[in-house]
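Engineer: If you want the building blocks of each chain, they are given just below.
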Amino acid sequence: ETGVTQSPTHLIKTRGQQVTLRCSSQSGHNTVSWYQQALGQGPQFIFQYYREEENGRGNFPPRFSGLQFPNYSSELNVNALELDDSALYLCASSPDRTEAFFGQGTRLTVV
Amino acid sequence: SQQGEEDPQALSIQEGENATMNCSYKTSINNLQWYRQNSGRGLVHLILIRSNEREKHSGRLRVTLDTSKKSSSLLITASRAADTASYFCATDIYNQGGKLIFGQGTELSVKP
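Line by line, the protein sequences are chains A and B.
Take the first sequence: its position 15, counted from the start at 1, is 15 in this note's numbering, and no numbers get skipped.
Take the second sequence: its position 82, counted from the start at 1, is 82 in this note's numbering, and no numbers get skipped.
Just so you know, these hints were derived from the structure itself, not from any lab.
In this text the structure is predicted, and so the values were computed from the model without any measurement.
Each hint should be verified, as a subset may be incorrect.
[To be verified] A few chain A residues facing chain B, derived, Cβ under 8 Å: (1) S27; (2) H29; (3) T31; (4) G42; (5) F45; (6) G56; (7) F60; (8) F64; (9) L88; (10) L90; (11) S94; (12) T98; (13) E99; (14) A100; (15) G103.
[To be verified] Just so you have them, the derived chain A footprint on chain B, three or more residues with Cβ under 8 Å: (16) 39-45; (17) 53-63.
Each residue gets a CB set at the ideal place from its N, CA and C atoms; glycine is no exception.
Could you put the whole structure together from the sequences, leaning on the hints where they help?
Structural biologist: Below you can see the structure in the form of structure tokens.
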């Protein structure tokens, strides 16, 4: 158990819709990062939040956005879903931006 | 693009044998981390090795880091069927504060 919880576990959405994925981190973990993992690939960095401010972004379009809240929870929002957004989305939290603790992920399918 | 390249992409061994996976990367790093993933679920952190370290052990795991060659290896000794999983190396790039760049992974199959 990593102490990082993601919801929902699975989700099916239609192309063009919007989706919000949630993550609950361990108390004291000020840094949260989101990753997208396509089937058969390694995770790709989407963005990182540190103390509720975005602190680095990967090569993802602006329709991917996030929020981090004072209670160590965070959200990943994706607008105008595309078929290629189908993937496992992983949330990772860290107390000190070194070792990252991952949740079990949300499997998003866009049809 | 992926920073880390892992080799081999797939590895099949018998229980009790050792498994070695290799990772190469391109830029300066703060640290390198190895993760395990079972059946496309969450990643489990195995070991972190800092850029000024050369070798680290944790139970049946041994990790080496050669910063001059920009490469790392993960050795699992006396493997078990339960070690069957995908293994990823991830580099924490220097001066980018915790952003992890993952390789494509090595799929390990340990046969009983």
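Engineer: Are the hints correct? Go through all of them and say.
Structural biologist: The hints, checked one at a time:
1. With 8 Å as the threshold, the beta carbon of S27 of chain A stays out of range of chain B, its nearest partner Cβ sitting at about 18 Å, so the hint is violated.
2. Violation of the interface hint for H29 of chain A is found here, the shortest Cβ-Cβ separation to chain B being roughly 11 Å, above the 8 Å cut-off.
3. Restraint check, T31 of chain A versus chain B: the minimum CB separation of about 6 Å is within 8 Å; hint holds.
4. Taking 8 Å as the C-beta contact cut-off toward chain B, the hint placing G42 of chain A at the interface holds, the least distance being around 4 Å.
5. With 8 Å as the threshold, the beta carbon of F45 of chain A comes within range of chain B, its nearest partner Cβ sitting at about 5 Å, so the hint holds.
6. At about 5 Å, the closest approach between the beta carbon of G56 of chain A and any beta carbon in chain B falls short of 8 Å, and the interface hint on this residue holds.
7. This hint is violated: F60 of chain A has a C-beta 13 Å from the nearest C-beta of chain B, more than the 8 Å allowed.
8. Hint status for F64 of chain A: violated, given a least beta-carbon distance of 15 Å to chain B, over 8 Å.
9. Taking 8 Å as the C-beta contact cut-off toward chain B, the hint placing L88 of chain A at the interface holds, the least distance being around 6 Å.
10. The interface hint given for L90 of chain A holds, since its Cβ lies 7 Å from the closest Cβ of chain B, which is under the 8 Å cut-off.
11. The interface hint given for S94 of chain A is met, as the beta carbon of that residue sits about 6 Å from the closest beta carbon of chain B, less than 8 Å.
12. The interface hint given for T98 of chain A is met, as the beta carbon of that residue sits about 7 Å from the closest beta carbon of chain B, less than 8 Å.
13. Satisfaction of the interface hint for E99 of chain A is found here, the shortest Cβ-Cβ separation to chain B being roughly 5 Å, below the 8 Å cut-off.
14. The interface hint given for A100 of chain A is met, as the beta carbon of that residue sits about 6 Å from the closest beta carbon of chain B, less than 8 Å.
15. A least Cβ separation of about 6 Å between G103 of chain A and chain B falls short of the 8 Å threshold, and the interface hint therefore holds.
16. With 6 residues having a Cβ less than 8 Å from any Cβ of chain A, the region 39-45 of chain B passes the three-residue criterion, so the hint holds.
17. Given as covered by chain A, the region 53-63 of chain B fails the check, having 0 residues with a CB less than 8 Å from a CB of that chain where 3 are the minimum.
Comparing the model with each earlier hint shows violations of hints 1, 2, 7, 8 and 17; every other hint is respected.
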